[in-house]
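Asker: Listed below, chain by chain, are the residues.
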Amino acid sequence: MKDKTLSQILSEKQNRNTIVVATEINSGEQIIVKNDSDSEINNKILFTAKNNIIQGKSEVIEIESKKWFINISLAPLRLIIVGAVHIAQPLAEIATISGYEVIIIDPRAAFANNQRFPDIKIVNEWPEVALNNLEIDHRTAVVTLTHDPKLDDSALNAALKSNAFYIGSLGSKKTHNARIQRLKMAHFSDTEINKIHGPIGLNIGAKSPQEIAISIMSEIVSIRNKFENNGDN
Amino acid sequence: MSKFDDILIKAELWRKNNKSVALATVVSTWGSSPRPVGSQMAISEDLDIQGSVSGGCIESSVITAAQEIMKTGKPKLLKYGVSNSEAWEAGLTCGGKVEVFVERIGDND
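Keeping their order, the protein sequence lines are chains A and B.
Going by our numbering, the first sequence opens with residue 1311, and the numbers climb by one from there.
Going by our numbering, the second sequence opens with residue -11, and the numbers climb by one from there.
Check each hint, because a few of them may be wrong.
Mimicking DSS-like on lysine-lysine, the simulated pairs with C-alpha atoms at most 30 Å apart in a straight line are [said to hold, decoys possible]:
hint, chain 1, residue 1, chain 2, residue 2
1, A, K1314, B, K62
2, B, K64, A, K1483
3, A, K1314, B, K4
4, B, K59, A, K1505
5, A, K1360, A, K1376
6, B, K7, A, K1323
7, A, K1377, A, K1354
Partner residues are not named here, just some residues of chain B that face chain A (Cβ under 7 Å, in silico) [claimed, not checked]:
hint, residue
8, F(-8)
9, D(-7)
10, D36
11, F89
12, I93
13, G94
14, D95
Calculated from the structure, these hints are not laboratory results.
Think of the CB as a built atom: it goes at the ideal place given N, C-alpha and C, for glycine as much as any other residue.
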C-alpha cells in the first residue's frame, strides 16, 4: 500500500465517504476503486463487485483468473450526544473505545468544553441547528441526556426526521410519557415517536453515571448488530 | 481528532516517523473465525502493534511474516487452519480457517 493510498483512505473516512480498495492478492497491485474512471481494471472491478459495494461486503473476487480482495470501508460509526451532563463523560469515553466518533452538542459552554471532554468534538449550538448541520446519516446514533425539554425536544425535532439508526432519550417512564405527549402535540406520528428508545439503555439495573453509560452503549451496540445481521449497513 | 480508525491512523503516524510498516488484513474466513473479513493489524519495524486479525491465536506468526514483508516489500497471503492444540504451530483453536494478506505500507523504491 502506497503512503498516498493510506492518506487517501483516511481522508475519505474522515469525510464519512465509503471507500473501496481493491488489492490483487499475488502481486499486491492496488487501486482505490472510483465510480468514474478510464482505467479498464477499475471498471471491471466496479462491475464485478457491484453487489459487494451496495451491501458493504468485503470479499475476495476473481477477475480473469486473478484474485482481488475488495475491501469496503463504510463511514465510521458516530455517536452524537446532546447534553454535556455527567453521564455524557463516561459515555463519550466508552463510545470512543467502541470505535465510534463522538460529538457533544450543548449550547451551554460551561458544561460542553474540552476541559470536561478532552479530545472530543464539541458543538456549542442549539441542538436542532447543530444536528441539521451535521447531516445525520444511517451510521449515526443520537442520544439526548439533558433532562431539559427545551434542549431534548429541539434535538428530537432534527433526529426524528433524520436517518439515524438509533435515537435514545434519557428519562424515567413518566418523563418519557410527557415527552411523547409533547411530540404528539408537535404533530410527530406514532411511527416517528416509536423510534425513540426511552427509557434509554438496556436494563442492567444501572445507577451510577458510568453504569448508565454502559447500559446506553450496550443498547446502541445491540441495535447496530441487529441492523447488520439483517444485511443493512 | 476522533479515533475513527485507530489502526490506519497509527500506521500513518509510524510512516511519518520514517518507520517501516506492514499491514495485515483478514481477506477470507471459513467457519467460526474470531475476526471478520476486513479486520486489520498494523505492525511497525519497532514491533509496535495496533489492531488484530484473530483472538490472539495467529498474531505472533503474522508479525513474524510481517517483519520479512516490510523489508522485501513483497506481499504475502498467509493461510491458517485448525490447530492441533498439542503442537506449537500457529492455528485457530476455534475450528475456523482464515486467510490474512500482509503488505508493506510505503512506496517501493
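Asker: All hints, please: hold or fail.
Answerer: Checked hints:
no.	hint	result
1	K1314(A) <-> K62(B)	holds (18 Å)
2	K64(B) <-> K1483(A)	violated (57 Å)
3	K1314(A) <-> K4(B)	holds (12 Å)
4	K59(B) <-> K1505(A)	violated (53 Å)
5	K1360(A) <-> K1376(A)	holds (17 Å)
6	K7(B) <-> K1323(A)	holds (23 Å)
7	K1377(A) <-> K1354(A)	holds (13 Å)
8	F(-8)	holds (4 Å)
9	D(-7)	holds (6 Å)
10	D36	violated (16 Å)
11	F89	holds (6 Å)
12	I93	holds (5 Å)
13	G94	holds (6 Å)
14	D95	holds (5 Å)
The structure fails to meet hints 2, 4 and 10 from the earlier list, while all remaining hints are met.
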